[in-house]
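Undergrad: Residue numbers (this note's numbering), protein chains in the order written: chain A, 1 to 361; chain B, 1 to 326; chain C, 1 to 370; chain D, 1 to 411.
Heads up, some of the hints might be wrong.
[As the list claims (entries may be wrong)] With a straight-line Cα cutoff of 27 Å, these simulated DSS-like cross-link-like pairs (lysine-lysine) come out:
| no. | chain 1 | residue 1 | chain 2 | residue 2 |
| --- | --- | --- | --- | --- |
| 1 | A | K180 | B | K12 |
| 2 | C | K119 | C | K109 |
| 3 | A | K56 | A | K180 |
| 4 | A | K284 | B | K12 |
Calculated directly from the structure, the hints in this document are not laboratory data. All values derive from a computational prediction rather than experimental measurement.
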Amino acid sequence: MMAEPTAPTTAADPSSTRPPARRRVAPLLAPGLLWIAVAYVVPGLLVVVYSFLTPKLGGGVVWEATLDSWDQIVAKGRRSTAGWGTVGAAVLRGAAAVAVASVPAVAAARYLGRRISASLALAALFGGLVAVNHLASEYNNYTAVFARSVVWSVLATVICIGLALPLAVFISSRRSPVTKNALLIAVMIPFWTSMLVRTYAIRFLFANTGPLNNLLESLGLDRIVFLNTRFAVILGLVYTALPFMILPLYAATERVDRAQMEAARDLGARPPQVFADVFLPMVKPGLIVGGVMVFVLSVSQYLVPTLLGGGKTNMIANLLELQFGEAFNWPLGAAIAALFSVVTLASLYVTVGRRDQEQFL
Amino acid sequence: MSRRHPGTRMPKLAIGSASALVYVFFYVPVAVLVLFSFNQARTGGRWAGFTTDWYSALADNDRLLTATWNSLFIAIISTAIAVVLGTMLSLALDRRVFRGRTAAQQVVYLPVIAPEIVTGVALLAFFSLTLGRLNDMLGRSAQDAIRMGRPTIIIAHVAFCTAFVALVVRASLRTLDPSLEEAAQDLGANGWTTFWRVTLPAIMPGVLGGALLAFTLSLDNFVITFFVSGPGATTLPIEVFGQLRRTISPEVNAISTLIFGASTLLLTGALGIQSAVSRRRSRPDGDSGPDGAAVARPDAGLRNPDAGASHKSYPSNPQLIGGGKP
Amino acid sequence: MEPNHERGTVSLREVTKRFGDTLAVAAVDLEVKAGEFISLLGPSGCGKTTTLRMISGFEHPSEGRVFISGRDVTDTPAHRRTVNSVFQSYALFGHMTVADNVAFGLRVKRRDKKTIEAKVHEALDLVQLLGFQSRYPGQLSGGQQQRVALARAVVNEPEVLLLDEPLSALDLKLRQAMRFELTRLHGDLGMTFVFVTHDQTEAITMSDRIAVMDQGRIHQLGTPVDIYERPASRFVAEFIGEVNMLEAAVVGGDGARTEVLLPSGHRLTCAPVGADGLSPGAPVVIAVRPQRVLLAPEGEIDPGGHAVVTGELRELLFLGDSTRGTVRLADGSELVATRYNEAGTHPFGLLRPGDRVDAGWRHGAACLVE
Amino acid sequence: MTKSTRISGTRGLLLRLLAVLAVFAVVSAACGNDDDDTTADAPATQAPAPTEPPAPEAPAPTEAPAPTEPPAADEPVSGRCGDPARLGDSINFLNWADYIDVAVLDMFEEECGVSVTMDTHVANEEAVAKVDAGNSGYSLVIVTDYAVEIMSSQDLLQPLDMGEIPNVANIDPNQMDPYYDPGNVYSLPYQYSTTGFAFDVTAFDTPPTSYSAIFDENPLCGQSSLLEDQREVLGAALVYLGYDWNETSQAAHDEALELVLDARDCVTGFDSANYIGNLASGEVLAAQSWGFAAGIAYLDNPNIRYIIPDEGGTIWQDNFLIPADAPDPYTAHVLINYMLEPDIGALITEFTIGYTPNLLVPPLLSDGYYEVVSGTGLELTDEIRDRLVWQVRSEEHSIFADTWSQVIAAG
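Extracted from the complex, chain A is given alone in its bound form (with noise of 0.2 Å):
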C-alpha cells in the first residue's frame, strides 16, 4: 500500500497541502532558523565582505573597497618555486603510484568477481591523489596548503572508515542493548575531557623521549620522530575526528538486514564479496554522513596541527591564523577563508551528490 503517496516529498500544490500543516510550520522552523542563519549565514556573508576591503594595522578593516586580497591569493599562486619539473615530477609519481596500485586492484577485482574498471579508476583516483600530494609538498603557495589539508583530510576519513567498520560491526553485533549502549558510550566519554588535555598526553606518549619510543630503544629499534610530523597530524585528526564516523556508521549498521547478508552467502558469494556487494552498499548513508563530518572536521582542524605538528605541518586553518592574527590582514584572511569553504563545499557537492545529499540531509 505504500505506492499511494501519502507524503509527498516536494512541495506540493497550496490546495492539496493541509492548512493546519502550512500554518505550524513558521513557529517550529522560525527559532531555529533564524539563529543558525545570525550566526553563520551573516557573519559568512561579512567574511566575503571582509575580502574586499582594506586591512586595518592591529586587526580589523578599513571600510574602503579593493581587490587586493584577491589580488595576493592569485599573485601567490604564480610566486612559487616549482616549475613544469615539478610538475613532471608528479606526473611521473602518480603514474607509477597508478601503476603500483592497480596491480592489488585487478587482483582484488578478481577475486570479488566484479568488473575491472571500477578498480582501475579507484587504482586512478590514488595515483591522482600521490600526484596531488606531490604538487602540494613542491609548490610553495597557498595552493600547496589547500591541496594537502584536502589530502590529509580525505586520508583522515579513509582511515576512520577503516577504524569505524569493524567497531562498528562488533558494536551491532551485541545482543543485548545495554552492552550496545556502554560499547557507544565508551566512544564518547573520552571526549567529555578536554581535547587539548588528550592530545598533550599524544604528545607525550609520542615524544622523542616519550614511552613508545623509549620502549622502541629497549627493544633495540632506533627510536623514531613521531611528532611535528604529518604521522602525528593525521593521527591526530583521526582521533579527533573518529567518534563522528563511528556513530553514523553504527547507526546505519544497526540497520542493516543480516538476512540479506545471509542470502548473499547463500547465493555463493564469498565473504569479501558480500562485504562489497551487500554490506557496504547497506551503510552507504552512515558512510556518506560520518565521511562528511570526518573531512569537514579535519579540514579545518587548528589545533591538531599546531600541537601536533608544530609549525613544521600546517593546515589552512593555520594560514587563516597568521592572516587574522600575527599579520593584521584581515580582508586577506577572510578571502582565504571564503575561497576555503567554497572548495570544501564544492568539492563536498560532488562528492556526495544530489541523491545523497538528499540523505545526508
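For this one, chain A is given, so just place chains B, C and D on it according to the hints.
TA: Chains B, C and D only, in chain A's frame:
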C-alpha cells in the same frame, strides 16, 4: 564456484581485535592524563611518586575552577536551548511540507559543514560590528556596554549544537512510524498532546543522543569560543591553551580526571537505568531483533508464531545514542 | 441530496485528492450506511487508503466534501472527528503499557478515572486480552498487538471505525481467525466499519458491501454477491476471483438477452448489457467463473440451456480440493473450468488431456462492455 | 499498578536527563564553595607552585615573597589603594597567559577590595584585536612593545595619568621613553626580557655563540626548535645573513626564507608553546627562546643555558595599557601603581623570571631568582644590551607575514 565458509571465526576475531584497538587508541591518552594527575613531578615525563596534592591544589585554583564552571554553564545552557530548537527544526523539516524546505535544510546543516575557524573569525567580525552599533544605539557607556562574553559564546554554541541536534533527532524521526502520531490524533489528541505524549517519548533516544553530542561539542569547543569570548568568560579549553605556553599544570590533569570520572559514573548510571527500563518493556532477549521469537503465552484466544515480526521496522527500543543518521 | 444524518453514516461527495501531479482519488462519491461493514477493495495505489485517510482526517481533499453522520467534517482536523482507526502497522505506543494504550483516547478526552478503568477493562475483554494490561507492546505477539489496536480504537465508541489493512501483517492462519473476530466485533458493537484491503477474500467474507477501486475511482459498489456474480467491469471481474474472459462481438439481442459471436465461431447468449442492449458489432467481453464451466465430451452438452464452445482439453491439474481443466479454443484462447473433487470420482469423468471437449455454461454469464 | 509502571517508564528517560544536570549542579556548587575558601590562604599556597625547585640544592625562589607578605595583609590601605571613593568593585584585566603570580591579584583584592577578573591572551595580536573590536570590557591590558605603538596609532588607548601612579618614580629610566611610546604617554613597563638561544649545555662540546647552530650547521637535527613567531624567526635569519632585524626588502626576505626553509628540515618544529617543557625534559636540546622561558626551563633542568648570539637578539618589554574605552580607568591606574610596588613587583618577577623595570625590586628578589638568572646566563650586561634591538612594526613590515606564510605553506 564452490562455497567456502572456512574462517568464519577469523573475521570475528579480526573485528574484535580491531575494535579493541580503537578503544585502546581512545583510552591510552586518557590513562596518561589520569596517571599524570597523581604524579608528583610537575612537568610530565618522569614518574616521581604518587600524590593527590594536585587535587587539593585544584580546590584552591580559582582560575581553573572558574573556567570549568564557565565551560559547564555554557555547555548546559547551549545544550538546553539547542535541544529545543533542534527538535523543533527536525520536526518542521521532517513532518511538514512547505516551500523552501530544501533551502531551510541547507541553512540548518551549514554549521555541520562550515569550517570552524571560518565561523569563529566570521563571528568575531560580526559581533564586533554589531555590538559596537548596538552600544551606540542604546547609548551605553563603556561601563555598561554590551560586550562579548558568555552570551556571545552561547549564541555561537547554540547555533552549531542546534544543527547537530536536528541531525540526530531527524534520524530518529525517520525511523519513527508516522502512523504513531496519526494514531494519537485519531484518538483525539491535538498537536500538543500528540507531541508530548507520543512523539517526544518515541524520539527521546534521539533527543538524548543529540543532547549528548551537543554537550560534548560545546564543552570541548576551542576555536569558535576563542574568537567570541570576552572578559570573565574564559572556558576550560581556552585556559588550558594558555597554559600550554609553559606546560599543562597537573591541576588541569586533575580536573580532567574528575570530569572523566564524573561522566563515566553519570553515563554508567544512565545506562543502568536504561537497562532496567528496557528490561521491563520487553522480553529478556530483545524487543526488536529477529530473535525476539514468540514465547508461548497464556493467550486466551489465538496463538501465533509471528511475534516481533510486525513491529520490527519501528523499534521502540530506547537506544541512548540514536546515531547521527537516518 | 441531503446527507444522511443518522449516526454512523459516511458520505463522500465528489471527493478528489491530488498529490502534486498525481491524481490519487478522482471524484469519488460514496454513501456508507449506519452500522454497515463496507470494504474498499483494490490493488496497491488505487486510492483506497487515501480515501480512508480523508475520512479519518489525515488528508484534506483537494476537492469535494466529507460528511460523517451528516456533519460536514471536511475541514475538521483528525483529532476532532468522531471516527477511530486501526492502522496497518498498529501504531501502538511503545512506551506505554497495553492499558495505557487503550486508555489514551479516553484520557485525552479527560474522562474520569473510574470510567476509563471500566471501559478499558471492557474493551480488553472484548478483544480477549484481559490480563495483559501491564504488558508493553514490545512484549506482545503480532495478533495480540492487532487486538490492542482494535481495543484502543473501539473503546472510544467511535461513530465509524476505520481499518486500514489491519490483517496484512499477520500470517495466513491468524488472518483467517481475525476475520471471524472482526465480524464478531462488528456484530457485537453495531458500529460502522470502513475496511480497506487488497485481499478480495477478506472483503467478500466480511463485508456488507464492497467498493472496488482502481486508479482513484470506484468501479463498482455492491454486495459481495453482486460484485462476484455481476462484475460491472473487466477490472472488477478480474480482480475478484478467477475468471475466464472471452472476447466477442454483439450480433443481436433484446432487453432480456444478448446474442454474441465468439471469434471461434460459436454463438452464445448472455445476460443483457445495459438497459437496451447493444448495437450489433459492438465488442464485448464474456466473463465466466471457472466453477460455472462444465466440461463434457464433444457434443454432450445441451446447447439449449447452455452456451457451448468446443475445444481441446490441454491439461488437468489436481489442486487438492478441486481440479482444474484448461481448454484451448479454435482461435487459441484458453478457457478454465474447475470442479470440486469428491471422494472416489473423477471430477471431469473420463476426460483426458488431448480430448475434444465441449465447454458450456448456463446462459446468463456476465457480458461486459469493453 | 498499570499507571505506576507507565510513569516510571517515562521517568526513566527524564531521570537520565536530570541526572546529567544534577551532577553538574553538584560540581558547580563545589566551585562556588571553593570560591569562598580560596581568598584566605591562596597567596601562601599559590606562589610556590609554578617555580617548584627541581633539585634540593636550588633554594626555592618562592621563599622570597614571604617577608613582604605580612605588611601586605595588615597595613592600612592608604597609599596602595588610591582613593576608596573612586575605586571600583571589580576590574577586568587582560594579560599574557601564565604571566603573573595570581597571588598578586588575590592580595590586591584583599587589600583594596577590588576583585580582579583576569583573562589571558597568547598573542599580542589577539589582545589588540579584542581591544580594537570595541567595548572589550578590559580596563587594564598588558601587551608587548610594538603592539603599544599599533594601538596608540589606532587611537585605542588613553593617556596615563601619572599623578595617579606615584610609583612611576621607581622605574628604571633605561626602560622608559621607549621607541614605541615616546614620553610614556600611554604605557608603563611591566616586565621585560630578551629573545635569544637556549640550549642544554651537556649536548655541546663547545657551547654555541651564533645562530649558525640553527641555520647552518645544526648539530642537533631533530632535537632543536625555532619559535613559532614570524618576527623572531625571520629576524634571526635576517641578522644571521647580515641584515637588520627589521629589514623589509624583498631580496633580504627571499634570502631569509631560503635559510629558514633549509633550517626547517632540521628543527623539530616552530614552537612557542611546548619548547619550555621540551627543554626541561630533554626532548629538545637547543631552541630559539625567550629569556624568561630559558629560566623557567632551568628550574627543571639546570643544564639549560641561555645566550644572545653574536649576531644579536631582540629586547622586548611588556607594558601596562588602559584602553580608550576602558570601563574603569581609575581603578586601572590604582592597579598599575599597585603592581609597581616593590614587594608586588618582586612577586611578579619571581614568577615570570623576566627582568623587572622597577629599581626597588632587585634588592627584594630571592637568592633562588638570582641563582636561576646567573645559572642560566640571563644577566643583562651592557655588552649584551649592545647586541639587542627592538622589534619595530609598521605597515611595511607586513612583508614578514608574506614570507612567513611561505614557511607555513612549506609543510
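Undergrad: Hints first: check each against the structure and report whether it holds.
TA: For each hint, the structure was consulted:
Under the criterion of a C-alpha separation no larger than 27 Å, the hint pairing K180(A) with K12(B) is consistent with the structure, at around 17 Å. A hinted pair counts as satisfied when its Cα atoms are at most 27 Å apart, and K119(C) with K109(C) qualifies at roughly 13 Å. Restraint check for K56(A) and K180(A): not satisfied, since their Cα atoms lie roughly 55 Å apart, outside the 27 Å limit. Between K284(A) and K12(B) the alpha-carbon distance is near 22 Å, which keeps this suggested pair within the 27 Å criterion.
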